[in-house]
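Same order as they appear, the protein sequences are chains A and B. The opening residue of the first sequence carries number 10 in this note's numbering; numbering runs sequentially from there. The opening residue of the second sequence carries number 243 in this note's numbering; numbering runs sequentially from there.
Possibly wrong hints are sitting among the right ones.
To be verified - Here are the computed lysine-lysine pairs in the DSSO-like style, where the Cα-Cα straight-line distance is at most 30 Å:
id	chain 1	residue 1	chain 2	residue 2
1	B	K568	A	K30
2	B	K496	B	K550
3	A	K196	B	K550
4	B	K661	A	K196
5	B	K779	B	K726
Stated by the list, open to error - Have a look at the derived ranges for each label pair, beta carbon to beta carbon:
id	chain 1	residue 1	chain 2	residue 2	range
6	A	K89	B	H724	29 to 35 Å
7	B	D658	A	D120	58 to 64 Å
8	B	K361	A	P191	22 to 28 Å
9	B	T415	A	G94	38 to 44 Å
To be verified - Not close to chain A: a few residues of chain B, all C-beta gaps over 12 Å, as computed:
id	residue
10	I333
11	F342
12	T345
13	G403
14	G489
15	E527
16	P544
17	D560
18	D589
19	W652
20	D700
21	S703
22	N756
For the record, the hints were derived by calculation from the structure and aren't laboratory data. Where a beta carbon is used, it is the ideal one built from N, C-alpha and C, also for glycine.
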Amino acid sequence: MRATLRVRRYDPETQPTPTYKEYPVDLPQYGTVLDGLLDVRDRQDGTLSLRCSCRSAICGSCSMRINGEARLACKTLVNKIASPGETITVEPMGNMPVIKDLVADMTLFWDKVRAVEPYLQPVGPAPEREYLVSNEAMERLTVAMNCIMCGACVSDCTVLEVDKTFLGPAALAKAYRFVDDPRDGRKMERLEKYTQTSGIWDCTRCNMCVQVCPKGVAPMERIMQVRSMAMEAGFNKTRGARHASAFAEIVKESGRLDEMGLALKTYGFFKAGFTLTGIGLRAFFRNKLPPLFHRPIATAENVRRLFRRLGV
Amino acid sequence: MPQHDVLVIGGGLAGMRAAYKAKSLGADVALLSKVYPTRSHSAAAQGGIQAAMTSEDSWETHAFDTVKGSDYLGDQDAIEILCREALDDIIELEHLGVIFNRTPEGRIDARAFGGTSYKRTCFVADQTGQVLLHVMWEQLVGLNVKSYEEWFVTHLIVEDGRCAGCVALEIPTGRLEVFRARAVVLCTGGLGQVYQPSTNGLAVTADGLALAYRAGATLMDMEMVQHHPTTLKSNGVLITEGARGEGAFLINSKGERFMEKYAPKMKDLASRDVVSRSETIEIREGRGMDGCVLLDLRHLGPEVVFKKLSQIHELARDYANVDVLKEPLPIRPGYHYLMGGVKTDVDGRTWDASGGRRWQGVEGLFAAGECANVSVHGGNRLGGNSLMDTVVYGRRSGAAAVGYARSVDWVAVNEDAYKEQERRKIKAIFDKPPGLRAADLRQEMGTAMDDGIAVFRDEESMGNALRTVRSLKEKSSSVSVHNKGHVFNTDLLSVLEMGYMLDVAEVVGVSALNRKESRGAHARTDYPERNDAEWLKHTLVSWTPEGPRLDYLPVTLTRWEPQRRTY
Ligand SMILES: Cc1cc2nc3c(=O)[nH]c(=O)nc-3n(C[C@H](O)[C@H](O)[C@H](O)COP(=O)(O)OP(=O)(O)OC[C@H]3O[C@@H](n4cnc5c(N)ncnc54)[C@H](O)[C@@H]3O)c2cc1C
Ligand code: SF4
Ligand code: SF4
Ligand code: FES
Numbered sequence: 010m011r012a013t014l015r016v017r018r019y020d021p022e023t024q025p026t027p028t029y030k031e032y033p034v035d036l037p038q039y040g041t042v043l044d045g046l047l048d049v050r051d052r053q054d055g056t057l058s059l060r061c062s063c064r065s066a067i068c069g070s071c072s073m074r075i076n077g078e079a080r081l082a083c084k085t086l087v088n089k090i091a092s093p094g095e096t097i098t099v100e101p102m103g104n105m106p107v108i109k110d111l112v113a114d115m116t117l118f119w120d121k122v123r124a125v126e127p128y129l130q131p132v133g134p135a136p137e138r139e140y141l142v143s144n145e146a147m148e149r150l151t152v153a154m155n156c157i158m159c160g161a162c163v164s165d166c167t168v169l170e171v172d173k174t175f176l177g178p179a180a181l182a183k184a185y186r187f188v189d190d191p192r193d194g195r196k197m198e199r200l201e202k203y204t205q206t207s208g209i210w211d212c213t214r215c216n217m218c219v220q221v222c223p224k225g226v227a228p229m230e231r232i233m234q235v236r237s238m239a240m241e242a243g244f245n246k247t248r249g250a251r252h253a254s255a256f257a258e259i260v261k262e263s264g265r266l267d268e269m270g271l272a273l274k275t276y277g278f279f280k281a282g283f284t285l286t287g288i289g290l291r292a293f294f295r296n297k298l299p300p301l302f303h304r305p306i307a308t309a310e311n312v313r314r315l316f317r318r319l320g321v
Numbered sequence: 243m244p245q246h247d248v249l250v251i252g253g254g255l256a257g258m259r260a261a262y263k264a265k266s267l268g269a270d271v272a273l274l275s276k277v278y279p280t281r282s283h284s285a286a287a288q289g290g291i292q293a294a295m296t297s298e299d300s301w302e303t304h305a306f307d308t309v310k311g312s313d314y315l316g317d318q319d320a321i322e323i324l325c326r327e328a329l330d331d332i333i334e335l336e337h338l339g340v341i342f343n344r345t346p347e348g349r350i351d352a353r354a355f356g357g358t359s360y361k362r363t364c365f366v367a368d369q370t371g372q373v374l375l376h377v378m379w380e381q382l383v384g385l386n387v388k389s390y391e392e393w394f395v396t397h398l399i400v401e402d403g404r405c406a407g408c409v410a411l412e413i414p415t416g417r418l419e420v421f422r423a424r425a426v427v428l429c430t431g432g433l434g435q436v437y438q439p440s441t442n443g444l445a446v447t448a449d450g451l452a453l454a455y456r457a458g459a460t461l462m463d464m465e466m467v468q469h470h471p472t473t474l475k476s477n478g479v480l481i482t483e484g485a486r487g488e489g490a491f492l493i494n495s496k497g498e499r500f501m502e503k504y505a506p507k508m509k510d511l512a513s514r515d516v517v518s519r520s521e522t523i524e525i526r527e528g529r530g531m532d533g534c535v536l537l538d539l540r541h542l543g544p545e546v547v548f549k550k551l552s553q554i555h556e557l558a559r560d561y562a563n564v565d566v567l568k569e570p571l572p573i574r575p576g577y578h579y580l581m582g583g584v585k586t587d588v589d590g591r592t593w594d595a596s597g598g599r600r601w602q603g604v605e606g607l608f609a610a611g612e613c614a615n616v617s618v619h620g621g622n623r624l625g626g627n628s629l630m631d632t633v634v635y636g637r638r639s640g641a642a643a644v645g646y647a648r649s650v651d652w653v654a655v656n657e658d659a660y661k662e663q664e665r666r667k668i669k670a671i672f673d674k675p676p677g678l679r680a681a682d683l684r685q686e687m688g689t690a691m692d693d694g695i696a697v698f699r700d701e702e703s704m705g706n707a708l709r710t711v712r713s714l715k716e717k718s719s720s721v722s723v724h725n726k727g728h729v730f731n732t733d734l735l736s737v738l739e740m741g742y743m744l745d746v747a748e749v750v751g752v753s754a755l756n757r758k759e760s761r762g763a764h765a766r767t768d769y770p771e772r773n774d775a776e777w778l779k780h781t782l783v784s785w786t787p788e789g790p791r792l793d794y795l796p797v798t799l800t801r802w803e804p805q806r807r808t809y
């Protein structure tokens, strides 16, 4: 199948301002974007740089933005994303500096994974043979262990776009893998650590990471699992945790979300006044300020009933 | 100049295992790899890792299956060590965090694999290699092991007959650096890209094999290359033997389960060389389809497929447009694994430490994993034994390297001279007039090797392959690059890799042509029988200025006399 690859080219030595170059390719029926790029590199333009190795979606090397979304080039069939003759835009991953062309600098990515202490820490003497654990417990972890550290989720995470300190979806999915491992002995310390600023509570649940992850890790869902484990373990004093509790409480009372009340409950009266007035003013000028007082909802009782049925 | 007691080159399973062991012993160890460690090709191993964990099984049975699988070319002392120590190593891996599938009692579960008497392959769904690799990486993070990532080794330094380190190029910057070490452990993986098509990744380019060969080590049994029975037609990607282990079977175009004919007892789970040959005969005799036979998984049902073979379901859908639950999957034999490699003793030493000079080696240089040959796989590797090989012999090499490093002094290394030498080599490539490129040679070499030295071979086919390789070697001196920059110059790396691959392809050709019998993966139509009287011996190849030199070394037999091999 014929297609055109429109590739973002950047080379700090010879091409310091990024440009887009178009390459026509002709691929077999099940040709992937990676096949196309390799064809360009082998036959047309050897200056093109990219990472790749396994060609089978397991080494995590070839994440890049394809038509604006982070994907593995080796898992993206050209015939699935374009009709014959169409143009496909290929760019390096987002939320990371670029080294050259399609090669992103993943230093920060790895630093964040390292920051969650990503290794099993059992306490007490190890058994003579294997730890006796259920198959279900192990299978539950395979979802997170499926992560190939490709960086796609981090590339497209909406929080990382504005807050570089956020640990991010890949590192937190890795964190989940340890708090839910029956063999790990430091669950409490881990939960306490992950609850801190830049941790689990900074995710806005935008679902981007779930959408782009090529291995079904669904990082956001893993983060939510860690959140409930943290709440259950009593780590409910942090801002994020208070936000969640307050959210539930307010909806239960009034059947709707009262943003002002939520801020007050989350931050406390004085702190909310200091930290959020700015946001409020900006929202006011952009015409996005929520009403200060909500009208009561007639059907709020239904919502309360729902909460009762859920037992919360 | 960075320096470490032990320098491990290669961040795959073997390399990380060696580094883990060395660090646990308190050594100053560093890991150096051209791809980020978790991107190593070990991640691609799907099926599992062998250890005789169940009560009806024993390490001796495992060892016998391995000896028989190797067609008696494996060294039996090394095989005994592998199978015995596998038991503790599996437990250690479990303690380190590997999430092995479990039995209802909570013990490590095992599945059936080709050529094994019992269910013996421990597994994590169909992503075993990836999980093992990531868990080893986690552990290195925990131990804070120094790691040089995306550094490409261009030269092994040998001074006074001892390996004293290497020269490497930092890929993101193009900077050359000399690394000094008291002991070097080479764990650079196989030669996958020498063959086209191949189940191996694009970064598997025989680097370490060529580096060791050029430095004076011996390459052993290089004619023993394995073709896996089930690879996808479109791109050579592997469909794990675990599929047949879970009950899938092969059929020809008439719908016949043809393996019943070739291996009445083990059928679809006979050794890989046997199954690949049977498929090739079916295809050659006109019972194939479009150069393939079919792998039938339909009867396994969604429960087994989604839980234990989900990756296979995905790969078949993505690269062959086949839903394995609804239709059989076209597959064919494809290049998969190198049984041969750098000759080592059972502690990974590439030199003969017994004081004799039974083979030529480099003191201070150790090797483990697919680039090494201890030899546990002999003429044919059993599925699941390679991961175990990386784990057991990675560990043993790491430990032995620490012992060695503690017993010797530093060797003086002229840093500037080595840098200058490599700089000149690179400049020579940059200075070539535009024309021929590495990619042009790669396809030709790959096809020639797969036509000539594959499932079946004879004097003529192997001669043709070797001639092509030698003519490409000549042409390779005029290969040029488009990219002459410093930053992430993969164009330059492809030229260096091409040089490694051609050197090693030549050794494969020379070794294969000279073994005048059929054994394991080396199936000659002009010498169809195994000939123990003359050929129960290892092929040794060492580098000389005139070309590869051949020698032979007897196989070590401990308790199993060679027998006829049937499945
Ligand atoms: C698709 C597939 C499936 C498989 N399935 C199984 C299975 O189910 N069971 C089993 O037992 N075996 C299996 N195998 C075989 C097994 O996976 C490999 O033999 C084994 O993982 C090799 O490990 P290694 O550490 O030796 O090499 P690799 O994992 O290939 O690592 C090599 C390392 O060396 C580095 N390196 C190479 N050259 C250089 C250089 N010039 N400079 C610096 N660094 C360099 C690389 O960066 C890499 O880190 C499979 C193989 C394939 C291809
Ligand atoms: S759901 Fe959370 S972690 Fe995932 S992309 Fe959105 S903000 Fe980032
Ligand atoms: S969670 Fe998914 S997208 Fe993120 S790094 Fe892992 S595999 Fe890639
Ligand atoms: S090349 Fe390995 S994930 Fe794409």
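Quiz item: What hint numbers does the structure not satisfy?
Solution: 1, 4, 5, 7, 10, 11, 12 and 17
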